[in-house]
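> If you read the sequences in order, they're chains C and S.
Last residue of the first sequence? That's 264 in the numbering used here, and every number before it is there in order.
Last residue of the second sequence? That's 405 in the numbering used here, and every number before it is there in order.
Just so you know, these hints were derived from the structure itself, not from any lab.
Mixed in with the good hints there might be a few duds.
Below 27 Å or equal to it, Euclidean Cα-Cα: the simulated DSSO-like pairs (lysine-lysine) are [said to hold, decoys possible]: (1) K128/C / K303/S; (2) K180/C / K303/S; (3) K47/C / K303/S; (4) K303/S / K204/C; (5) K134/C / K149/C; (6) K180/C / K134/C; (7) K42/C / K303/S; (8) K134/C / K303/S; (9) K303/S / K156/C; (10) K303/S / K136/C; (11) K156/C / K398/S; (12) K149/C / K35/S; (13) K128/C / K156/C; (14) K180/C / K47/C.
The chain contents come next:
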Amino acid sequence: MTDEPTHETGVFDDATAMTGTRDVMIEIEHVDKFFGDFQALKDINLKVGAQEVVVVIGPSGSGKSTLIRCINRLEEHDGGRIVVDGTELSNDIRNIQEVRRETGMVFQSFNLFPHLTVLDNITLAPRKVRRMPKAKAEALGMELLEMVKIPEQAGKYPGQMSGGQQQRVAIARALAMNPKVMLFDEPTSALDPEMIGEVLDTMKELARSGMTMIVVTHEMGFAREVADRVVFMADGQIVEVGTPEHFFESPREDRTKLFLSQIL
Amino acid sequence: MSTTRTWLRHNLFRTRRDTVLTVVFGLFALWLLYKTFRFIFITGRWTIIEVNLELLMIGRYPEAHVLRLAVTVVVLALWGGLLAGFIRGRQVRSGRMTAADSRLTRARLTDLVERLWIPLALVLLLLMLTSTPGPWITAALALVAALVGRLVGPFLGRVRLPAFASVAVLIVFAAIPVALYFYVVTAVGFDGWGGFMLNLFLAVCSIILCYPLGVLLALGRRSGLPLVRLVCTTYIELIRGAPLFVLLLLANVALGFFVPDSLAPATSTRAIVVFTFFTAAYMAEIIRGGLQSVPRGQIEAAKAVGLSPIRQTGYIVLPQALRNVIPAQIGQLISLFKDTTLAGIAMGLFELLQVSGAITSQPEFRGQGLIAETLTFAALMFWVVSYTMSRESQRLEKRLGVGVR
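If we strip away everything but chain S, and leave its shape as in the complex, we get:
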């Protein structure tokens, strides 16, 4: 008890001025908390979320094909589990991890739940809001699929396959998400996607595509060839000088100047292209900073052991450069994820923010001023995903041992 009192006195009430500040800000904080609490549990009318949950999550995806989404979720869970298990298996095979460490123990599971409790809690909340058993069944199956994958994966990772067979396995593995995309898209076409699913998909695609492009641009900007350097620098500076919103609008309008309407790609595809090219320019500058942080001695040592320039970059410089700028990279990718809402405003895509606005003018909710509720919900969704990305990046940073020199 006395330690609490000492702590309070030491940190909050040391001088008269401290006391005044503590009281004022304490009251303010209490008032804020009270208001928030009241909004969430008393005045907030959340029926609009409950009624429109499906629209918010998957947009106007046709009822008849929703099963496809469920299948996709379950297969993705299996895929992720297999991948995680496979990687563990490989690590055991190459001696980087003991078989005992790789096993899926209860401690490991609790650790995983602890790590991901915020997104898991959100999923649970969403499930509680649903009125049909479908999502519950999907979630349960996905959980089982992930576990099965994680348990089977290590065996796949441990077997030794001939080179062509492992390449085949790799191709099949990489093809699964692509196949799932076509499975989902054939029901409605890409432009029929909506809701938070669309935000996630736009972000995932753009992240995967912009990363290698960013690395290439960063390397190009430091290239010894003047022409390559010029092209990369011009590209980066041009893109970084234009507002993302303008680029999105342009992609919507200006593409017609170059491509006939019949050949024009779907609006969502255009959005992905813009996000990819835009973010790649920023990633390039971040990665360039990382490249500059690698000491000269590293390159000299790589040269001295006889590595070719490409291998010097690939094995020595890039791994260290990318590791050194993980926080800035993740920051940029989180930013990209949140910017997917701009695609709604600029291109009319029916993503989460657009849905949040649209549902307030439904006949049963019109004129009730429910925008605060729907926006809060949208913000929560974005926050949970962004915060999870941020936390996982910190973990990655620690695991790759930044600062262990």
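One chain only, chain C, in its complex shape:
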């Protein structure tokens, strides 16, 4: 084992080595998380660089979702430290708000606000948190809806749209705060198969535009195509980290091999 990441082979000894030379965007050090007696995260170390796309995979219950939910404090970590773009998550509500403003999150079940129109869903946070004037916020909202290719749905309510459309609105809503990091928590798991493609396309476009992304997903095709690094988690630990080529072609750990043999 060496301390240096070995880019050539695509194998990383730990998850704090980023691909290429980058500024650090997210730093996770020795993070533990307990739900009662159950330890959901065990000594997690992970660094994510600016503009890097990290895909987290693993069996259910492995702590993937818990990990990214800790990054914007939807879950509170019990040990270690998490720093997002220079701001450490502490019990200080101002720090938490600061981090949440800089990170967008997309949920498995969309969680759009059902009582607001699509455009209001997108413009609410910029207007209330960033104090953007209404007209400007709506122009931004329409721009984002163009980007996710559903500008004609602006006046509808979430309940009137398909799952794929809702999830694209959710992405637009997260982007409206102009975040530095986007977190995706199984964004396609609740979708009908024919709608998965449209959401993944939006995410690919986002990745190409240089967004820093952490994506928890079961879409291996997406991981192969878009990820800079793939992180494999099991039982609350990071088991293996690698570039997609290496990870899918020649995994090192037995646990990884077993998982891949089960899903591929």
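Dock chain S against chain C, hints included.
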């Protein structure tokens, strides 16, 4: 014809037992209908209502000042029309409604009449019972005022005013009902109010006051601060454990322990205070149920986009929570409205039920057993208002799209 026969056979006469039940209950229903019909159109002696209509409606409000009530009704109609028009205008301005949709068309008017035909019919009935032209003139003017307001309102809603001017307009708008209250109250004092007007006023004031209090209590009961939670929970459980009647009696009697007589508020004011605090406790529990019905994911999404805790509650949680429990809320408010009759019994306020009893002992009606007639009239008044509230709440529920998820 054959479809009617099939329907009858299918629903009423399918088996021998069905047939027996249909005949028995059918006869019973016919008998009830006959009795009711007979009471209303033949045996009922409604002169007592006709003679005492003014007393039933406005109590002992002095004859010399009745004009104030007429003015109030007309101004309120104008106010309501303006408000409705104003809201439409704002909706057009913000693009939520097209200008064509906002126009007051004939279809819209017929729709409105269809919606409110029961209270309108009651008003018409009351007008027919009057012996003076005053109420007719008032009603006609009120109708015109409402229409004018509705037509002018949209223009007010469409103009863009600087911030301070819109605040000023808002204040003036909110001040109008308050000013009207003082206009009406200076003639006799609040305790001089009576009749159905008093029931309505007690209910409207208590509803307006108890609602925000109920929301605060519900939020307080779920607060993260233990002391706030304790205070709210204690309050809710204490109030809900006491009968409303007892609280009204206490407000009448026990206030003297704390406040000198000269400073004690009017009896009607005390009644409003009791109704407000009482209903707020119930509203709090209903709203708490609504808060619990909002999925966790909603709060998480609100947090994730960076909304502060207060904004999470104000923009995301509360609107959904309140919408989810509209039926229970309206039920509680209807209950409050009907409970205003208790203020008559417990505190001696001269509200509709008290008037209904009192007029049966007037010299010309004494000993004639007319209480059935006056109580029927009182019940009709309460029913029409309660039923209208219920229907309008169903409409509101539909418009806010409960169940559209």
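> All hints, please: hold or fail.
Hint-by-hint comparison with the structure:
Distance hint between K128/C and K303/S is fulfilled; the C-alpha atoms sit about 13 Å from each other, no more than 27 Å. Between K180/C and K303/S the alpha-carbon distance is near 16 Å, which keeps this suggested pair within the 27 Å criterion. A C-alpha spacing of about 24 Å is found between K47/C and K303/S, which places the hinted pair at or below 27 Å, so the restraint holds. The straight-line distance between the Cα atoms of K303/S and K204/C is roughly 25 Å, inside the 27 Å bound, and the hint therefore holds.
A threshold of 27 Å between alpha carbons decides the hint, and for K134/C with K149/C the separation of about 22 Å falls inside it, so the pair holds. For the suggested pair K180/C and K134/C, the alpha carbons sit about 23 Å apart, so the restraint of at most 27 Å is met. Distance hint between K42/C and K303/S is fulfilled; the C-alpha atoms sit about 25 Å from each other, no more than 27 Å. Of the supplied pair hints, the one linking K134/C and K303/S holds, its CA atoms being roughly 21 Å apart against a limit of 27 Å.
A C-alpha spacing of about 23 Å is found between K303/S and K156/C, which places the hinted pair at or below 27 Å, so the restraint holds. Restraint check: the Cα-Cα separation between K303/S and K136/C comes to about 23 Å, which is no more than 27 Å; the hinted pair holds. For the proposed pair K156/C and K398/S, the alpha carbon gap of about 16 Å is at most 27 Å, so the pair holds. For a cut-off of 27 Å, the pair hint linking K149/C to K35/S is broken: about 68 Å separates their Cα positions.
With a C-alpha separation of about 21 Å, the suggested pairing of K128/C with K156/C holds against the 27 Å cut-off. A distance of roughly 15 Å separates the Cα atoms of K180/C and K47/C; the hinted pair therefore holds under the 27 Å criterion.
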